[in-house]
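J.: Each chain is listed here by its residues.
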Amino acid sequence: MLAETIETRPEQLSGERNSPDPSLESASSCTPLARNDPLLVRWGLTAAALLVLGLLVIVPLVHVFVQAFGDGVLAYWRSLVDDRDTRHAILLTLTVAPIAVLVNLIFGVAASWAIARFRFPGRTLLITLIDLPFSVSPVVAGLAFVLLFGLQGYFGPWLRDHGLKVVFATPGLVLATSFVTFPFVARELIPVMEVIGPDEELAALSLGANGWQMFWRVTLPNIKWGVLYGVILCNARAMGEFGAVYVVSGHVAGRTDTMPLRVEKLFQEYNSPSSFAVASVLTLLALVTLVAKVGLERKVR
Amino acid sequence: MSITIKDLTKRFGSFQALENVSLEVRDGELLALLGPSGSGKTTLLRIIAGLETADSGSVLHRGEEVTHRSARDRNVGFVFQHYALFRHMTVFENVAFGLRVRKTPDARVRQRVGELLHLIRLDGYGRRLPSELSGGQRQRVALARALAAEPRVLLLDEPFGALDAKVRQELRQWLRRLHDELHVTSVFVTHDQEEAFEVADRVAVLRGGRIEQVGSPQEVFDLPANPFIMDFLGNVNVFHGRVRNGRAVLGGMELDYPDHPHDEARPLTVYIRPHELEIDLATADDAGPKARVLHVNPAGPVARVRVRDEDSDTDIYVDLGLQRFTELKLRPGDWVRVSPRRIRVFEPEYVI
Numbered sequence: 001m002l003a004e005t006i007e008t009r010p011e012q013l014s015g016e017r018n019s020p021d022p023s024l025e026s027a028s029s030c031t032p033l034a035r036n037d038p039l040l041v042r043w044g045l046t047a048a049a050l051l052v053l054g055l056l057v058i059v060p061l062v063h064v065f066v067q068a069f070g071d072g073v074l075a076y077w078r079s080l081v082d083d084r085d086t087r088h089a090i091l092l093t094l095t096v097a098p099i100a101v102l103v104n105l106i107f108g109v110a111a112s113w114a115i116a117r118f119r120f121p122g123r124t125l126l127i128t129l130i131d132l133p134f135s136v137s138p139v140v141a142g143l144a145f146v147l148l149f150g151l152q153g154y155f156g157p158w159l160r161d162h163g164l165k166v167v168f169a170t171p172g173l174v175l176a177t178s179f180v181t182f183p184f185v186a187r188e189l190i191p192v193m194e195v196i197g198p199d200e201e202l203a204a205l206s207l208g209a210n211g212w213q214m215f216w217r218v219t220l221p222n223i224k225w226g227v228l229y230g231v232i233l234c235n236a237r238a239m240g241e242f243g244a245v246y247v248v249s250g251h252v253a254g255r256t257d258t259m260p261l262r263v264e265k266l267f268q269e270y271n272s273p274s275s276f277a278v279a280s281v282l283t284l285l286a287l288v289t290l291v292a293k294v295g296l297e298r299k300v301r
Numbered sequence: 001m002s003i004t005i006k007d008l009t010k011r012f013g014s015f016q017a018l019e020n021v022s023l024e025v026r027d028g029e030l031l032a033l034l035g036p037s038g039s040g041k042t043t044l045l046r047i048i049a050g051l052e053t054a055d056s057g058s059v060l061h062r063g064e065e066v067t068h069r070s071a072r073d074r075n076v077g078f079v080f081q082h083y084a085l086f087r088h089m090t091v092f093e094n095v096a097f098g099l100r101v102r103k104t105p106d107a108r109v110r111q112r113v114g115e116l117l118h119l120i121r122l123d124g125y126g127r128r129l130p131s132e133l134s135g136g137q138r139q140r141v142a143l144a145r146a147l148a149a150e151p152r153v154l155l156l157d158e159p160f161g162a163l164d165a166k167v168r169q170e171l172r173q174w175l176r177r178l179h180d181e182l183h184v185t186s187v188f189v190t191h192d193q194e195e196a197f198e199v200a201d202r203v204a205v206l207r208g209g210r211i212e213q214v215g216s217p218q219e220v221f222d223l224p225a226n227p228f229i230m231d232f233l234g235n236v237n238v239f240h241g242r243v244r245n246g247r248a249v250l251g252g253m254e255l256d257y258p259d260h261p262h263d264e265a266r267p268l269t270v271y272i273r274p275h276e277l278e279i280d281l282a283t284a285d286d287a288g289p290k291a292r293v294l295h296v297n298p299a300g301p302v303a304r305v306r307v308r309d310e311d312s313d314t315d316i317y318v319d320l321g322l323q324r325f326t327e328l329k330l331r332p333g334d335w336v337r338v339s340p341r342r343i344r345v346f347e348p349e350y351v352i
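Residue numbers (my numbering), protein chains in the order written: chain E, 1 to 301; chain P, 1 to 352.
Hints are computed from structural coordinates only; laboratory data are not their basis.
Treat the hints with caution; some may be incorrect.
From the structure, some residues in chain P lie toward chain E, with a derived Cβ separation under 10 Å [stated by the list, open to error]:
hint, residue
1, R72
2, H82
3, L155
C-beta atoms are modelled at their ideal positions from N, C-alpha and C, and glycine is treated no differently.
I would like the entire structure built from these sequences, with the hints used as guidance.
T.: Here you go:
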């Protein structure tokens, strides 16, 4: 004969789940702290880091500006404004980069939303493909576009018959730039959306919102800083892109030269002051981006 | 508004979340879906709301088919376990959301939100952000937001699950009073049987994607349909014994069992709640089966006593009224005799 007792107390179980896990706390307190290291190690490491940073980043950057202003401010201004091709290059970069950013903004938001919210066949493939432009050499990407849309390419004859020009024209530049800057917005947003979770969106739907209302009133305000951050990084890369654009542009001065291409061409022509002047504008744009990025990081935190 | 659920089935991959679930929620009642985690209660609630689609079966609101309608066309209010307040909006705009998306005039929005903030006792909190509120306040805002557009049904998913014990207690009493005022048909999910019994008009117990029993709290507690519910609804002692000639022998206990007057013995499993057992003092010299007190815990509304049945060497849990406990002056090591006031026997589950 046997008697046994079963005890079930859901409220006790849930109470246990809510209490913090003591093992986690003890783990973090064991982490060695840098400030306990010997003085020599700390100073040594800091000095080494500063030395490398100075040699590789600060000296070259300063040098760009020194060279650019070598002949005085007036010559600097002239080399930027008076040269028709340089003017065009600056304008072209300021056209191509925003279009590429816009394309990737739309794609990035859509892709990250799909990846964070749904489980669908091909999801892992999509995540991998988004990263592809990081690993493929930009020159290869540019070449692929030439092979696809060039006159000898698959779509080349069809495009020519319809009077459209992609390669060696602005659309090609936009395509190549978009490809290279593809991952920035999506990569930035996927983790943000996963952390926020679907509950607020579901709440909006249950309260009677349609898809648009949900997106504009709930999803977008929640991810806006992530979007902006992704856009800034994407824009920095789009303006500076050289390899892919070099291949698809055909390097036609005054027509398909962007700023990085113009810098290279002026340099090859031994026109150092002008070359450095354009380079300094690119650098300035990069510095503005950097400041915006740091400001945003503060804001997000 | 009444809700009728017919033969709902839902699978997630190989996991059967719901299996042929049918349920009727009556107009104006407050129904609890009670079950352990993984029993399908949240899935059922989400299907009623339209936030999840069923593989087969149908959902009817007041006899009208809504199975394939989206959440926004069903006019339900949904309260999430973790509030799901819009973190970038003020309390006012959170509550106003359901009205704004329906293009309600501004004056009406202000009036309605004012009423609701008063109802949830958060007047003057309209300009705060959700992050500036306590957990209980956030859940009240979530409730007001769900009520703003005057839904025909209110659905709550473990509404008090993320709150601490005292706030949870207050909020569930408040929810009950609120429901008595508003009479909106409501369904809430919980894994806490005490919460279900305290708040709900009727309780549906789920297990493994099936509804095991539906009834008033008293019906379910007093007449549980099977051993699972018996066990789930609170502590229970399980005795395995034999019955013969109208007498059952269970470990150290013997009692009348008129349902089996036959000569051949039959195995019997009996379920007895701790408060349905009686304790009498005995001495070491007494003949017959007896038990020994192992542990007493008189802190609380009843004294919880654990005794060891010497015959079968297993523990029995007994809840005694404090008065009776004082009378007996029980101490660990005392000899006692345990007898049931009431027993429950379920049809045996045959194992092949």
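J.: Run every hint past the structure and note whether it holds.
T.: Hint-by-hint comparison with the structure:
1. Proximity of R72 (chain P) to chain E holds as hinted, the smallest CB-CB distance being about 5 Å (cut-off 10 Å).
2. Here the hint on H82 (chain P) is kept, as its CB sits about 6 Å from the closest CB of chain E, short of 10 Å.
3. With a cut of 10 Å, the hint placing L155 (chain P) at the interface with chain E holds, because the nearest CB-to-CB distance is about 8 Å.
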